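Quick mapping for you: the protein sequence lines, in order, are chains A, B and C.
Going letter by letter, the first sequence gives residues 4 to 51 in our numbering.
Going letter by letter, the second sequence gives residues 223 to 602 in our numbering.
Going letter by letter, the third sequence gives residues 159 to 345 in our numbering.
None of these hints come from the bench; they were simulated from the model.
Mixed in with the good hints, there may be bad ones.
Said to hold, decoys possible - Cut-off 30 Å, straight-line C-alpha distance, at most; resulting in silico cross-link-like pairs (DSSO-like, lysine-lysine):
1. B/Lys327 / B/Lys526
2. C/Lys332 / C/Lys308
3. B/Lys588 / B/Lys512
4. C/Lys308 / B/Lys530
5. B/Lys524 / B/Lys573
6. C/Lys308 / B/Lys573
7. B/Lys560 / C/Lys302
8. C/Lys223 / B/Lys524
9. B/Lys530 / C/Lys256
10. C/Lys256 / C/Lys342
11. C/Lys323 / C/Lys345
12. C/Lys323 / C/Lys302
13. B/Lys512 / C/Lys256
14. C/Lys345 / C/Lys245
15. C/Lys342 / C/Lys223
16. C/Lys308 / C/Lys256
17. C/Lys256 / C/Lys345
18. C/Lys308 / C/Lys342
19. C/Lys342 / B/Lys530
20. C/Lys308 / C/Lys323
21. B/Lys560 / C/Lys245
22. C/Lys223 / B/Lys392
23. C/Lys323 / C/Lys342
24. C/Lys323 / C/Lys223
25. B/Lys512 / B/Lys524
26. B/Lys530 / B/Lys512
27. B/Lys526 / B/Lys588
28. C/Lys245 / B/Lys392
29. B/Lys392 / C/Lys256
30. B/Lys560 / C/Lys323
31. C/Lys256 / B/Lys588
32. B/Lys514 / A/Lys28
33. C/Lys332 / B/Lys589
34. C/Lys256 / C/Lys234
35. C/Lys332 / C/Lys342
36. B/Lys514 / B/Lys589
37. B/Lys560 / C/Lys345
38. B/Lys530 / B/Lys588
39. B/Lys530 / B/Lys327
Remember, predicted model here, so these are calculated numbers, not experimental data.
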Amino acid sequence: MIRIFYLLIVLYLSLHLFWHLFRQKNPWSQAGTALVLTLFLLRLFLIK
Amino acid sequence: MNRIKASELSAALFLILTGILCFISGRSFQTMHRPEPVFPSAGLTATHRLSDYFPPLKNTHGDTEVYIFRGTEEGGNLLVLGGTHPNEPAGLVSSVLLIENIRGKRGNVFIVPRANASGFTHSDPQEGNPQRFAVPTPSGPRLFRLGSRLTNPVDQWPDPAIYINPARQKLSGNEVRNLNRCYPGRADGFLTEKMAFGIMELIRRERIDIGIDLHESAPEYPVINAIVFHENSSELAALALLELQAEGFDIRLEASPVNLHGLSHREWGDHAGIKAILLETPNASHGRLKGKPSSSLIVDGKDKFYAKASRLGWLFVPYGEEGIPLALRVARHLAALKALLGGLAELEPEKAVEVEGMPPPAEVQKKGLGAFLHPPQKSG
Amino acid sequence: MKKNCDVLVILFWFSFAFLAMPGNGQETVGIFEQPMLITSAGQNAEVQIAAVLARRAGLNYTLSKQATGAELENVKTLVLVLGASLKGLGAAGLDMDKERDRVRALITAAQETHVPLLCLHLGGESRRGQQTDDLIAEVLPLAKMVMVVKSGNGDGFFTRLCQPKNIPLVEVEKMADAQVPLQKAFK
């Protein structure tokens with residue numbers, strides 16, 4: 004149960020980052036967002 | 223510097239980059255789930271899994287192999303546990319060396335090389351440890367995983383704030399994932415407690431007489447180069463110490479504290495009544511004073527900071543510029559095992575365990591580990 | 159010429175005999191009687207090794223980690239294995255003061271019943287330190303014989319305590335080497 008909550012939180016933040024990535028006006032901010040998104044996606048998919 | 227305007231196209235490109243990064247690092251992380259191959263000697267009589275003794279472990283990352291070498295003559299039953307702490311490589315490598323060389327003669331030998339199999343699937347965060355270390359053999363390097371002291375949080379999460387273990391000892395929260403704090407285990411507990419319970423079941427069902435848990439500790443930790451013994455094994459430990467000193471290995475005795483619960487050398491003796499021994503060798507790679515962590519730090523054991531700490535008298539073992547290589551640490555474990563078996567034969571001849579083909583500790587030190595390891599599998 | 163050689167050979171072998179004896183020629187052979195009671199002064203782990211050495215030497219012994227005066231009945235020799243271990247004390251639920259009181263009472267009881275005291279220090283250099291040294295300084299002058307692993311006497315601490323009282327001091331290289339002199343010390 005607690006794992007589902009955790010995954011939902013990670014999913015919500017990942018989607019938020021995804022949305023953020025497309026709204027950025029500065030490519031460096033986009034790169035930073037992409038790096039943070041990498042960590043969140045790894046969390047999301049590699050925790051069973 | 224001219225400004226590049228960010229667009230949806232660049233965002234998509236970064237998204238692809240994210241995907242590639244996820245794929246590469248995810249795959250590297252997944253390879254940690256692939257156990258390093260072990261090539262048992264012809265003396266192997268059976269391979270069981272811990273889940274054969276405790277079925278709830280089946281299909282979990284806590285399940286692990288139990289290699290069995292049955293002798294032709296009646297005798298005692300010996301359990302050797304390596305990899306209780308997967309960041310203490312001498313335990314794993316000593317067990318693998320035994321599995322790849324010995325034949326049972328008298329009594330039975332049970333070897334669990336990766337006691338905490340889940341701990342091998344990740345490494346300690348923020349340590350910068352390599353995922354693997356390479357032991358040179360005449361036909362190329364053999365790779366072994368360097369895991370973490372604790373069970374992978376992917377398999378057991380979250381940790382409680384305070385952990386009360388099965389033996390009612392209060393410990394800090396993350397010890398809930400430390401196999402050597404979870405004995406005698408709980409059949410319906412956390413995964414690590416189930417692993418501990420599985421090992422207790424193995425001890426009970428196979429009527430183990432003596433259990434030896436192979437560990438390593440940081441050179442600045444007081445319990446080092448030591449035989450930690452349950453009080454039921456004090457005479458055995460003393461005999462082994464005399465034998466080891468005669469062979470030139472400096473080693474000390476540490477009685478298992480009666481009021482520190484959850485550890486193998488306490489609960490195996492208290493709950494299963496077996497002789498319980500834990501062995502420690504000095505390993506710089508998981509100490510706090512080390513320089514850059516690397517495969518060579520693990521295998522060659524050279525570290526200038528430890529050498530300096532030793533000169534300053536900060537350590538509990540002499541640590542020279544030449545280092546304390548893995549071959550020496552494994553030789554120490556093997557010598558201690560040999561001395562303990564000798565002591566057991568002297569004290570309780572009907573429970574004696576004899577094996578053939580055990581790599582002689584002096585030879586391991588001289589020729590290196592590679593001389594006694596199976597050549598590495600050709601990568602396909 | 160031949161005779162000279164023989165004399166030399168005899169002298170050569172005699173020199174070994176002298177080397178085996180303590181420097182000032184005190185008696186270290188056959189001075190104790192069995193059975194013996196082995197206990198530690200400081201709850202160290204070496205007490206177990208002393209028991210193993212006694213067993214291997216074929217001596218009649220009882221091991222009691224927290225022996226009291228009452229256990230001295232029918233005992234002909236008290237063997238104290240010296241060295242304070244904080245871990246050992248903690249595991250036994252004792253502190254240094256309690257342990258010192260126990261050892262004092264035991265020695266007093268031994269003196270009253272004329273049981274001689276043999277002191278062993280087997281832990282070498284690492285089993286020294288202020289607490290151990292204080293205990294040794296108090297106990298050692300009452301011993302009939304002392305046996306130490308050489309590295310523990312690197313600073314001559316045991317020699318300084320034994321010499322004025324003329325107590326025989328036997329030094330051995332390693333713990334295992336203590337077996338033979340231990341065996342010889344008993345009748």
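Taking the hints in turn, this is what the structure says about them:
1. B/Lys327 / B/Lys526: The given pair, whose Cα atoms are some 44 Å apart, is violated under the 30 Å limit.
2. C/Lys332 / C/Lys308: 8 Å, holds
3. B/Lys588 / B/Lys512: 26 Å, holds
4. C/Lys308 / B/Lys530: 27 Å, holds
5. B/Lys524 / B/Lys573: 40 Å, violated
6. C/Lys308 / B/Lys573: 36 Å, violated
7. B/Lys560 / C/Lys302: Distance ~38 Å between B/Lys560 and C/Lys302 Cα, so the pair is violated.
8. C/Lys223 / B/Lys524: Since the Cα atoms of C/Lys223 and B/Lys524 sit roughly 41 Å apart, the hinted pair is violated (cutoff 30 Å).
9. B/Lys530 / C/Lys256: Given that 30 Å is the threshold and the Cα spacing comes to 39 Å, the pair is violated.
10. C/Lys256 / C/Lys342: Measuring from Cα to Cα gives roughly 34 Å; hence the hint is violated.
11. C/Lys323 / C/Lys345: 23 Å, holds
12. C/Lys323 / C/Lys302: 10 Å, holds
13. B/Lys512 / C/Lys256: 41 Å, violated
14. C/Lys345 / C/Lys245: Roughly 35 Å between the alpha carbons, so the hint for C/Lys345 and C/Lys245 is violated.
15. C/Lys342 / C/Lys223: Distance ~24 Å between C/Lys342 and C/Lys223 Cα, so the pair holds.
16. C/Lys308 / C/Lys256: 29 Å, holds
17. C/Lys256 / C/Lys345: 34 Å, violated
18. C/Lys308 / C/Lys342: 19 Å, holds
19. C/Lys342 / B/Lys530: Given that 30 Å is the threshold and the Cα spacing comes to 45 Å, the pair is violated.
20. C/Lys308 / C/Lys323: Measuring from Cα to Cα gives roughly 20 Å; hence the hint holds.
21. B/Lys560 / C/Lys245: 27 Å, holds
22. C/Lys223 / B/Lys392: Cα-Cα ~29 Å, so holds.
23. C/Lys323 / C/Lys342: Cα-Cα ~22 Å, so holds.
24. C/Lys323 / C/Lys223: 28 Å, holds
25. B/Lys512 / B/Lys524: 10 Å, holds
26. B/Lys530 / B/Lys512: 11 Å, holds
27. B/Lys526 / B/Lys588: Satisfied, since the Cα-Cα distance of roughly 23 Å is no more than 30 Å.
28. C/Lys245 / B/Lys392: Satisfied, since the Cα-Cα distance of roughly 20 Å is no more than 30 Å.
29. B/Lys392 / C/Lys256: Cα-Cα ~28 Å, so holds.
30. B/Lys560 / C/Lys323: Not satisfied, since the Cα-Cα distance of roughly 44 Å exceeds 30 Å.
31. C/Lys256 / B/Lys588: Not OK: C/Lys256 and B/Lys588 at ~49 Å, beyond 30 Å, violated.
32. B/Lys514 / A/Lys28: Roughly 40 Å between the alpha carbons, so the hint for B/Lys514 and A/Lys28 is violated.
33. C/Lys332 / B/Lys589: 28 Å, holds
34. C/Lys256 / C/Lys234: This hinted pair holds, its Cα atoms lying about 25 Å apart.
35. C/Lys332 / C/Lys342: 17 Å, holds
36. B/Lys514 / B/Lys589: 27 Å, holds
37. B/Lys560 / C/Lys345: Outside the cut-off at roughly 34 Å; violated.
38. B/Lys530 / B/Lys588: 26 Å, holds
39. B/Lys530 / B/Lys327: 46 Å, violated
Violated hints for the displayed structure, listed by number in ascending order: 1, 5, 6, 7, 8, 9, 10, 13, 14, 17, 19, 30, 31, 32, 37, 39.
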